[in-house]
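Based on the sequences and whatever the hints tell you, model everything.
Chain residues, written in single-letter form:
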Amino acid sequence: MTASPILDAYRLETEPKWHQTDDEIAMFSAAYGARLPVMLKGPTGCGKTRFVEHMAWRLKRPLVTVSCHEDMTASDLVGRYLLGPEGTHWQDGPLTLAVRHGAICYLDEIVEARQDTTVIIHALTDDRRILPLEKKGELIRAHPDFQLVISYNPGYQSVLKDLKESTKQRFCALDFDYPAAQVEAEIVASEAAIAQASAETLVRIAQKSRNLRGQGLSEGSSTRMLIHAGRLMAGGLSVGEACKLAMITPMTDDPEIRAALSAAVDACV
Amino acid sequence: MIPKYAQPCLRLSMPVSETHIRPAATAGLADPLETRIAAAHARLVGAGYGVGVPRAYQQAAPKVAEHAGPDAALALAEAASRIAIRARPRVAAQFLDLSVPMARRLAAAESFGRWLGLLLGVLKPAPDALAPLLERMEMLHQRLGIGPLEAWVQTGLRLAGTDLALRQAYFTLELPEAVRLLERHAGEDTFHSLEGELRATHRALWGQSPPIREALPQAKGTAALRASFGAGVIQLPASYGGYRGRERLIFKAALAHIGAHMAHGGPRFQVGQLKPLQIAVISLIEDARVETLALREMPGLRRLWLPFHDVPPDGMATTPSLFGRLARALIDPDFPIRHGWVRKGVEMFRAGEGQIGSPALSRHIGNILGNDLGQTRVQFNARDYVVQPVYRDDNLGLWDLPPDPHEAQQHHHIDIETHDLRRSEETDSPQEHKTERADQSADMPPEKIVPAPAASGVGRIVGRLPEYDYLAGIERADWVTVKEYEPAPGDPLFWRKLEDRQGPLLARIRSLVRAAAMGRQKRLKRQAEGERLDLDAAIEASIQLRARSTPDHRVYEGVATPDRSIAVHLLLDTSHSTGDPVSLTGPSIIALLREATGVLAHAMTQLGDPLAITAFASDGRDDLRLVRVKQFHDDLGPLTGMALSGLRPGYSTRIGAAIRDAGARLATVPAHRRLVLILTDGEPSDIDIRDPDYLVADARRAVQSLNSSGIDVFCIALGQGAGQRHAEIFSKRGFVQIDRLEALPEKLPALYLRMTR
Ligand SMILES: Nc1ncnc2c1ncn2[C@@H]1O[C@H](COP(=O)(O)OP(=O)(O)OP(=O)(O)O)[C@@H](O)[C@H]1O
Ligand SMILES: [Mg+2]
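Quick note, the sequences are listed as chains A and B, same order. All you need for my numbering is the position in the first sequence, starting with 1, plus 2. All you need for my numbering is the position in the second sequence, starting with 1, plus 213.
Calculated directly from the structure, the hints in this document are not laboratory data. You may find that some hints are simply not true.
Computed list of chain A residues with no C-beta within reach of chain B, every gap over 10 Å [to be verified]:
1. 52
2. 192
3. 195
4. 206
5. 214
Output of the computed footprint for chain B on chain A, the stretches with three or more beta carbons under 8 Å from beta carbons of chain B [what the hints assert, rightly or not]:
6. 227-239
7. 255-264
Don't be surprised by glycine CBs; every beta carbon is placed ideally from N, CA and C.
Here you go:
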């Protein structure tokens, strides 16, 4: 259980606040106890990242986070040879770092990465728990503290992009969604430091925008957006101004949908 | 979905202004005007148009001269003469009578000339349109002004093409599309212009997407004045006339009010022994009740509704005034209450606070108040009663009314439109269109098919194609005659109704398409040149250098240019068998074809891929029957919608010839890839061919020859077992079988995206 100091930079000093919405803390702890990989499903900005941070803090493990993107190659995750004055030397990638030294590794939006990237986590996420470094000719056995967590937004899946069945079936999964109105208002009030009543109005507006999910918007306003709007209000903007700046304008360019969102804001204040 | 019509210009190709309106100098001599008018009059008398025309001219000319100048008065005679010849003397007289008020309106000589030009411009291609146009001219001009009027007229001529019945329907404003275009050209906010916003707003506020339709004109033909709802369908008036500048607010307020009814209302009230007055008052209280509840969640709606409550607190105690005051007092806490009846209503409503969740409260209060009012001398005229304020609905949705023929029609208004069209077509059309139009309703009900509609006029021969005889092993030149047929006029609102029916699907496809479009930009690794170093490749290269071996010089990264353009020619098999229903009760295959094509066309337009749609059938080798639904350069406007929805099943399936024609058209389109996509429900067959292998072999040959010129051919085979011979024609990888036909609209775009990736 003694992780190496290499990962000290990845330790969380202060507690990332988490409002429990269900039994997610107990469930995650159980999965970690069995060292099973976990998939967090849910729309953008609903608290997945915050939750992993909170759990890493709670479990006292370092956390290595990688945001996946379309051009990400296996080398970006695993590591590569670099050219130095002494010749070439191997540099561990973030995943290798976590595997070697025992961190929780969080791969955000794994579907975005190219297919060959998802394949390298296969051996890590079955009972072998190994990571082969092909280029280096090394086989790493995962540190006993290592755990892999990925996030996955079901809203984005399309005929063109989806996780392979063999990938999906390796993970335990927790469903995330925007919290219940009351809880979400509390989160917004405390994160943005605004009055509960204002937070409730924001949440009501967000719920209206979520009605447009799949009907003009691919997502409604996230908790994150609400917190942003709340901060703007704390800074002196009116609800309408804050919503426009933090929610409506970023979300869509479609004039009809914008009009509908403005109408929702108008109706709620 | 209004096409971008070419900027209309009717400004007279005819030389009215030059020849007939002479410079004022010559007209300025010592009163030659009267003499000249008299001369023009004499010419009209001599022309033998009857007495009406010269008489009307004699009366009109001096007044027109007064308002629009002497030259206009003289031009009048010439124009009247042309109208008398091309249309009828009666229409010419009608024109002359109208010229006086129009001259008054138009005032300047120049705009009067322009107006004459507009009429004469119609006269040439569509003399029949003149009478209905003149009849409505003053109203049209008042709403549009001369420029937009020209545009509206031009649009009508284009929209109707050669279809006399349709033209008549347009210029008599019986065609709803004509009214809508009128409103658009007038620049008013209408249901049509606000529709998308309203739908999205309703969805956002209430989390539901009930169908929102434009209310049809009422039975008497007058426009609907108020919103309405019932049976889960919301109907909004086409426009709120007389509220210029506030239309958008009224529409929003009306829809929010109906939203409140739907969210907080109960089952329909039973009418029982209630009198009309009580019904009206109960409805009024119910309106206030649901609004009160809605305001608890969305207090901002008050700002939307309140401005329309503009009744003053006192004045004559008529029913409309008292109703208005009560309605206002119930939503506006600051409204002074100066009448006992209003006060009683407000007090009862406040006292009922505890039961506000139940519609029974409205019934209770309304009953008593209605009774009270009935005891007084106040008149209530149920027949002319219109709910106030303007944003509120007609209350029909609140009541379980005895079946009323007009109301039933309201719910199936699409049928009305088609019936109307058919009626005018049968009575007015000189060519005997007998096309079946029964299947245009929104829900694609099972339709009655009239096979082989011989009516689509005669085809125009546009070319001849070779055909392959596998027995002889030769290709016979000029063997098949290709004829183009005018599309049968279908539903001009096809695209809008498609949005209605398939809204969620279209939205999903939109996001799919967006994802696919983004996927086009690809980063290319290990390029010989590029904007930046490919790190992996560069490192490998240096490693190789140090190892003293030759490095790979491709160490750059580039971005693939998104020049993936695919031109598609969609071929729709409309042979007789496509009239069969998909299942026992389902829609016909052709109805599904139209639907799927519509959805696909939507998606492709967004991708910006050029698309042509041709429907084909055949009646022997002398008659390959093609309907050009959409050419590559056409917009997806009402015209394409009409052509697509106008397709009818009939005749046989000569696939090979259709493929050759599509390929030839496609060859001229500049694109990276070209694809002929065929939707068919069966095997090739035709009346003049016995040998089942003959057309199969010909089709295969056609596919091969297209392939060799770089055009892909892909087939979507509909139905079960239809696939036996498709593999032979298109090769195993060149077709898919879709047997769950109902899924077609959904599957087709996804398939297309995958195919063209
Ligand atoms: N239950 C919760 N307790 C505390 N904060 C929360 C909770 N749920 C959401 N939040 C807040 O929501 C915001 C967004 O959360 P986070 O960044 O974790 O979203 P995410 O799901 O990871 O989004 P993405 O998928 O875009 O990465 C954070 O600021 C966080 O404070
Ligand atoms: Mg009402």
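Going down the list of hints, with the structure as the test:
1. With a least beta-carbon separation of about 27 Å from chain B, residue 52 (chain A) lies farther than 10 Å from that chain, consistent with its non-interface assignment.
2. Its beta-carbon lying about 24 Å from the closest one in chain B, residue 192 (chain A) satisfies the requirement of being farther than 10 Å from that chain.
3. Non-interface status of residue 195 (chain A) relative to chain B is upheld: no Cβ of that chain comes within 10 Å, the nearest being about 24 Å off.
4. For residue 206 (chain A), the condition that its CB be more than 10 Å from all CB atoms of chain B is violated, with the nearest at approximately 7 Å.
5. The claim that residue 214 (chain A) lies off the interface is violated: its Cβ sits roughly 5 Å from the closest Cβ of chain B, which falls inside the 10 Å cut-off.
6. Given as covered by chain B, the stretch 227-239 of chain A fails the check, having 0 residues with a CB less than 8 Å from a CB of that chain where 3 are the minimum.
7. With a threshold of 8 Å between beta carbons, the proposed coverage of the stretch 255-264 of chain A by chain B holds, since 6 of its residues qualify and at least three are required.
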